[in-house]
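Colleague: Once you've looked at the hints, dock chain B against the given chain A.
Just so you know, the sequences run in chain order A and B.
Mapping of the first sequence onto the working numbering: residues 1080 to 1232, in sequence order.
Mapping of the second sequence onto the working numbering: residues 142 to 716, in sequence order.
Hints were generated in silico from the structure; no laboratory data involved.
Using N, Cα and C, we set each Cβ at its ideal position, and we do this for glycine too.
One thing to keep in mind: the hints can contain errors.
Partial list, derived from the structure: chain B residues whose beta carbon lies under 10 Å from chain A [to be verified]:
#1 E299
#2 V304
#3 Y309
#4 R312
#5 P514
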Amino acid sequence: MKKSIDNILEKYENSGRDALIALLQEIQDNEGFLSEEAIVKTGKKLNIPTSKIYGVATFYNQFRFDPQGRYHIQVCRGTACHVLGSLTVLQELEKTLKAKAGQTTRDGMFSIEVVACIGACGLAPVISVNGTFHANMTAESINELVETYRNKE
Amino acid sequence: MSMQIEVNGNKIEAFEGETILSALNRNGIKIPTLCHMKKFIPSGACRICVVEVIGSPKLVTACSFPVADGMKILTHSLKVTEARKTIIELLLSNHPDDCLYCLRNGNCELQSLSKEYHVVERRIRGKKNSFKLDHSGPSIVRDPEKCILCGRCVRVCEEVMGVACIDYINRGSQTFIGTTLKKPLNTSSCINCGQCIMVCPTGALTEKNNVALMQEALHRKDKKVVVQYAPAITVSIAEAFGLEPGTDLNGVLNAALRKMGFNYVFDTTFSADLTIMEEASELIHRVVNGGKLPMFTSCCPGWIKYAEEFAPDMLANLSSCKSPQQMLGAVIKSYFAEQVNLKPEEITSVSIMPCTAKKFEAERATMGRDGVPDVDIVLTTRELIEMIKLYGIDLKNIEPEITDSPLGVRSSAGKIFGASGGVMEAAIRTAYKMITGEELANFRVCAVRGFDGHKEAKIKINENLEIGVAVVSGLANAATLIEEIRNGRDDIHFIEVMTCPGGCIAGGGQIIGVNESFIAARMKSLYDIDERETIKVSHKNPEVIELYDKYLGKPLGHKSHDLLHTSYEKRDVLL
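Only chain A is shown next, with the shape it has when bound in the complex:
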């Protein structure tokens, strides 16, 4: 069951600032992203200024500040994928969706996340859409894939 931010914060009753990252991760797991509300409430709970929380959260790639799209696309930018052209795939995807990595399309359908290595180097360049892997991506096939998901709606 989805927990609210307040439910999560309750668990961290006696925690100090060292609990920050674990707390943010738990909120993001539940909410899909870190909202303004989440940042403010976390700051109050741990007694950390929101600017510090935002600073820490932006330091790591894993945190996002926009809600995820209905289709969350993770583009692998690990070494093997890079060598086989994942940058072109990412650039093409950003162009097609008119959204940058870390952002969500305006219709809320797609969101893009760059991940360091997805652990499927044999399938490089690989992307994952809501957990489903798609192998050997190219600039052409990424567009076809996006089209397929669009038609599903």
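Modeller: Structure of chain B alone, referenced to chain A:
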């Protein structure tokens, strides 16, 4: 424990626990620094202070490396200077090349360093920073393109002010300094104090410059321009004109302002006296009638915004008095306007302040009547100096003049407003008289003077009444005191809060990069004026007395309430 270290072949004395930088500086050896700030724990981030320690495989940062007995240091070997030069070249590689169009041209640490280290060609070409200018706020303009990420603004905002409005965002080459969720400054928790500007080595943080606006206003024929300047201004501009720091240039400044075309020159110190009349009355009213105590002063706009954001539970404890700037603005556009037969909108009311937050204060919705603001343009000390130079006025060769009447006479009690503790001292002098009917025998209240961030004293008024007073500067100190009060501390009745450490003489609108001793000279100058002058208490200022007789009635009266008092409200910002 004292020890010997060898620097460039010469033996010098060092103390256990101090850094290499501190030992070198004490012995007259200058090492360049960028991220280093006195009285802060070193961060060692910029690496410009590297020195060679014989036996160590790497260069070490002098600002953070402790001395050790017998240590042999080379401060300007080829290896060291090459490293420093490379750091500067790397900082310049993504830095905008528009020094000529930068407010900090001529007073920029990066610029001076590149000159000192003989950077005369562009050896490293990097991708230029590309960020939007943030000029959303009325006080501070942020240009992240010029930022070299030294982090001094971040630290001063968090550690001195307790505001922590900005921090490092992102990582690595993507890093920039910004607010929570990249909000613009005007909707952030920024209190506009400008201390970040004071520590910024480059032009990444500057005041919202009103010089062009001011020139335009001076040339309008349809409006009279009335100017007021803060108590701290007259002692804070000398060094910009090659005079002894701290020199009081009051008369000369009056003359210079008239030469620029200001029609009437008034002194904010007059309204500092007015503030004291109102504030001391308010304090006594609260003490006698069981009002909300302790009472906080309300002269400092940075502190006011801080309280509205961080301590909304204390707003009822804030004095309802406007700051001297706003009081004089209101009097200029009412009493004075009537005297010279002008409508409020036919006056351009200008104030010259050592402060960037005053620009914000002047724009507050409650600071005017019928849509006419009481203060139209606020200039900082820096902008004043710019104007004096722009108009080609030679301060060394002009005759001093006196301020205009009826809002020009001041007491020396108002003058010491410029230093932390001054408002308190002036208020004590007048409150004592108001309660006992007698003048304070010794007018000096030394316990509240000086640069300490937190000062306290007990003032015996008479047999039955002793009031506890506290003076804090640097809002982190205020936060500590507020916490004590929330936890039940009740032996303090009156608290003066100044945002900037040391008060307005070290304000966010003052000359950037001056030596600490200059600021001490400004403070000394203010207290010297207090020693020298005859009217040492606000309630003896003849023009203040006249203003009450002719116009305002009495302190806390109906008219005073309309013109001189204000209200505060909680602000919802991301803290």
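Colleague: So which of those numbered hints doesn't the model satisfy?
Modeller: 5
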